[in-house]
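S.K.: Sequence:
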Amino acid sequence: MLTSKVAKRYAQGLLDFTNESGQTATVFSEMKDVAKIMSVSEDLNKFFLTPYIDAKKKIEVANEIFKSLSLSSQNLIRLVIRQGRESQLKNIAQEYINKVEDINGVQRAVLTTATQLSNANIEEILRSSNLVNVSSNFDLKVNIKPEILGGYILRVGDQQIDASVKTKLNQVKKDFQLN
Numbered sequence: 013m014l015t016s017k018v019a020k021r022y023a024q025g026l027l028d029f030t031n032e033s034g035q036t037a038t039v040f041s042e043m044k045d046v047a048k049i050m051s052v053s054e055d056l057n058k059f060f061l062t063p064y065i066d067a068k069k070k071i072e073v074a075n076e077i078f079k080s081l082s083l084s085s086q087n088l089i090r091l092v093i094r095q096g097r098e099s100q101l102k103n104i105a106q107e108y109i110n111k112v113e114d115i116n117g118v119q120r121a122v123l124t125t126a127t128q129l130s131n132a133n134i135e136e137i138l139r140s141s142n143l144v145n146v147s148s149n150f151d152l153k154v155n156i157k158p159e160i161l162g163g164y165i166l167r168v169g170d171q172q173i174d175a176s177v178k179t180k181l182n183q184v185k186k187d188f189q190l191n
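For the sequence shown, our numbering puts the final residue at 191, and the numbers step up evenly by one.
Derived from the structure by calculation, the hints contain no laboratory data. Positions of the beta carbon are idealized from the N, C-alpha and C atoms, including for glycine. Certain hints may be false.
In silico EDC-like pairs for lysine to aspartate or glutamate, Cα to Cα no more than 20 Å straight-line [unchecked claim]:
1. K17 - D28
2. K48 - D151
3. K44 - D66
4. K20 - E32
5. K153 - D187
6. K185 - D170
7. K157 - D174
8. K185 - D151
9. K111 - E54
10. K68 - D55
11. K153 - E113
12. K111 - E32
13. K186 - E159
14. K111 - E135
15. K48 - D66
16. K20 - D45
17. K153 - E136
18. K111 - E72
19. K48 - E135
20. K153 - D45
21. K157 - D187
22. K185 - D174
23. K20 - D174
24. K44 - E136
25. K153 - D174
26. K58 - D45
27. K20 - E113
28. K111 - D28
29. K180 - E159
30. K79 - D55
31. K17 - E76
32. K44 - D114
33. K48 - E32
34. K44 - D55
35. K153 - E135
36. K79 - D45
37. K186 - D170
FRET-style restraints, in silico, Cβ to Cβ [as the list claims (entries may be wrong)]:
38. I77 - N31: 22 to 28 Å
39. N133 - Y64: 21 to 27 Å
40. V18 - Q183: 35 to 41 Å
Given only the sequences and the hints, what does the whole structure look like? Please build it.
M.R.: As structure tokens, then:
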């Protein structure tokens, strides 16, 4: 997933501040909440993206929604809104989460399959690949995309294993065209 430069800069600034103030763990869990809220609430996203609602009103609403968060997290949210970057709030939270996980050595993997797999099948795929160190910390996101027809695509960092039926069919098609 591509993240904007704006999100990376805000997240890095927040990380630097929380490292200095010793609040990294607290803000980390709060940013997970912010990312989740921004992901599931279409109405909140529409509200923040509405250009004719002024920043003061958006800050009032954000203060009410995020009132249980620490002062550091609330200040970040207010700053983001004051700067007109509220559309990036979810990305900033996610980028902060990624940066903290990188520091803690958490490996992020994305498994794309055509249908829902059992946990045993997922574990077998992860064990059979050399990309994921299953004995260490890793964060797995499973996507279901029927258009790959079958098999799986495993992506870890900048490496990928594409064992999907769609890719294999496309390769057969290319081979026939060349001959």
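S.K.: Determine for every hint whether it applies to the structure shown.
M.R.: Cross-check of the supplied hints:
| no. | hint | in the structure |
| --- | --- | --- |
| 1 | K17 - D28 | holds (16 Å) |
| 2 | K48 - D151 | holds (16 Å) |
| 3 | K44 - D66 | violated (26 Å) |
| 4 | K20 - E32 | holds (18 Å) |
| 5 | K153 - D187 | violated (33 Å) |
| 6 | K185 - D170 | violated (27 Å) |
| 7 | K157 - D174 | holds (13 Å) |
| 8 | K185 - D151 | violated (35 Å) |
| 9 | K111 - E54 | violated (26 Å) |
| 10 | K68 - D55 | holds (18 Å) |
| 11 | K153 - E113 | holds (14 Å) |
| 12 | K111 - E32 | holds (15 Å) |
| 13 | K186 - E159 | holds (19 Å) |
| 14 | K111 - E135 | violated (25 Å) |
| 15 | K48 - D66 | violated (24 Å) |
| 16 | K20 - D45 | holds (18 Å) |
| 17 | K153 - E136 | holds (15 Å) |
| 18 | K111 - E72 | violated (29 Å) |
| 19 | K48 - E135 | violated (25 Å) |
| 20 | K153 - D45 | holds (17 Å) |
| 21 | K157 - D187 | violated (25 Å) |
| 22 | K185 - D174 | holds (16 Å) |
| 23 | K20 - D174 | violated (29 Å) |
| 24 | K44 - E136 | violated (28 Å) |
| 25 | K153 - D174 | holds (16 Å) |
| 26 | K58 - D45 | holds (18 Å) |
| 27 | K20 - E113 | holds (14 Å) |
| 28 | K111 - D28 | holds (11 Å) |
| 29 | K180 - E159 | holds (13 Å) |
| 30 | K79 - D55 | holds (18 Å) |
| 31 | K17 - E76 | violated (28 Å) |
| 32 | K44 - D114 | holds (15 Å) |
| 33 | K48 - E32 | violated (26 Å) |
| 34 | K44 - D55 | holds (19 Å) |
| 35 | K153 - E135 | holds (13 Å) |
| 36 | K79 - D45 | holds (12 Å) |
| 37 | K186 - D170 | violated (25 Å) |
| 38 | I77 - N31: 22 to 28 Å | holds (26 Å) |
| 39 | N133 - Y64: 21 to 27 Å | violated (50 Å) |
| 40 | V18 - Q183: 35 to 41 Å | holds (39 Å) |
Violated hints for the displayed structure, listed by number in ascending order: 3, 5, 6, 8, 9, 14, 15, 18, 19, 21, 23, 24, 31, 33, 37, 39.
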